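Residue numbers (our numbering), protein chains in the order written: chain A, 1 to 234; chain B, 1001 to 1234.
Pairwise CB distance ranges (calculated): (1) B:GLU1143 to A:ASP68: 14 to 24 Å; (2) A:GLY78 to B:PRO1224: 21 to 31 Å; (3) A:PRO224 to B:LYS1170: 36 to 46 Å; (4) A:ASP209 to B:ASN1221: 18 to 28 Å; (5) B:GLY1111 to A:LEU212: 44 to 54 Å; (6) A:ARG62 to B:LYS1050: 18 to 28 Å; (7) A:LEU212 to B:GLY1213: 22 to 32 Å; (8) A:GLY185 to B:LYS1050: 50 to 60 Å.
If you're looking for bench data, these hints aren't it; they were derived computationally from the structure.
Bear in mind the structure is a predicted one, so any value in this text is a computation, not a measurement.
All residues carry an ideal CB built from backbone N, CA and C; glycine is no exception.
2 protein chains.
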Amino acid sequence: MKGIRFWAFWPVAYQPSSLQASQPPSLFGLIGRRMTKGQRRKLNRIYFMKYCSNCGQPVIHRTPPGDDRPRFCCESCGMVHYLNPKLVVGCIPEMEDRILLCRRAIEPGYGKWTLPAGYLENGESVAAGAKRETLEEARAKVEILTPYALYNICHVNQIYLMFRARLKDKRFGAGAESLEVKLFGENDIPWEEIAFRVIHATLLKYYDDRRLGRFSFHMENISPPNPNPPKTDN
Amino acid sequence: MKGIRFWAFWPVAYQPSSLQASQPPSLFGLIGRRMTKGQRRKLNRIYFMKYCSNCGQPVIHRTPPGDDRPRFCCESCGMVHYLNPKLVVGCIPEMEDRILLCRRAIEPGYGKWTLPAGYLENGESVAAGAKRETLEEARAKVEILTPYALYNICHVNQIYLMFRARLKDKRFGAGAESLEVKLFGENDIPWEEIAFRVIHATLLKYYDDRRLGRFSFHMENISPPNPNPPKTDN
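Modelling step: build the complete structure from the supplied sequences, incorporating the hints.
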């Protein structure tokens, strides 16, 4: 049953929540890789939606009148189903000169380190979402300081919004999705063991800003991983 | 057929796109109003999803094992359907000391003025989405400058992200969703005729910042409208 959840929203390479991140291994190799427009469209068509959630009849993938891109349309009840990017919210929990990282207890990135982050829920503000994820994954209470960085991860239809945050006290521990939660100084950050490129980018930016002595709001793109990385001697 | 589209995602009071904003008038009074948790849950249950988009069987609304809130679950194929907030992106298109507003040709807010904004599409960066909406609604090409303000509109499950932008030239005009598009100086802004509270808030903030001579990034909540506004003599 866990594997089946994947089919609802297939581009999940960056999904931090155990409930949404389960993937059938046979398809895992495709996730987040560079694909042709045709390949992506085909995958979208196959996996996103098969039946109308309003009337239960099969949907077709076509451009509705007055629209400029294909949607899942129900010919039976007339409903057009819109699929939009998801917002992932998280934070960099600071305590003096150290920050809190979580070692993941789930795939993707099992055993690797990450910042607390996850899908924003309906009815929730972005700051409340980042707080909740920190409590769930690191059992830590934080005060959200400022929005820090926004990352477009277009190839998986995700927008990451990361905050700077302050740990309220020294109480923290591994939540259900973490193996271990630990405070790191800059020199101890396990750079080779960071679970996701977006988290790696956030941390690099954060320490750059800290050296400069000022934190501004950043906005960047995370491109799809190169499926054929050049071989080096390193 | 147009009315039926509404049922996919009912909280649409702030939805700027004609394709997504159509609402059956009988329910319009409920949208965006203060509701009890029970009322909202009931509405969610009734309107969000009736059938599984993976197998076409009816879904039930219950909390899946290991989760902390109810989701639409399919007992037939086991899929759990997650519904998350949508991101609306837009901009304040500047030309010298004036900004571009659009008069809406669609409900909600027919005939009122707004900034170009709309739902972020899959595969799109937030800046690209704001650019596209400006081209669609105001037939204007803009250069996106900086993220300017983020608004949580939790009661309709929307997050607004507004940018500052610069009009590339003086070519603009009414797109399919606009009656009229016009440049306004601060003294001419039709404050009483602004379509949405989030746009009103953005414009107020923008002119405050302009008077101060510095633009910072803002983050605020838009609360549900008061269903019983106090009567005044004004």
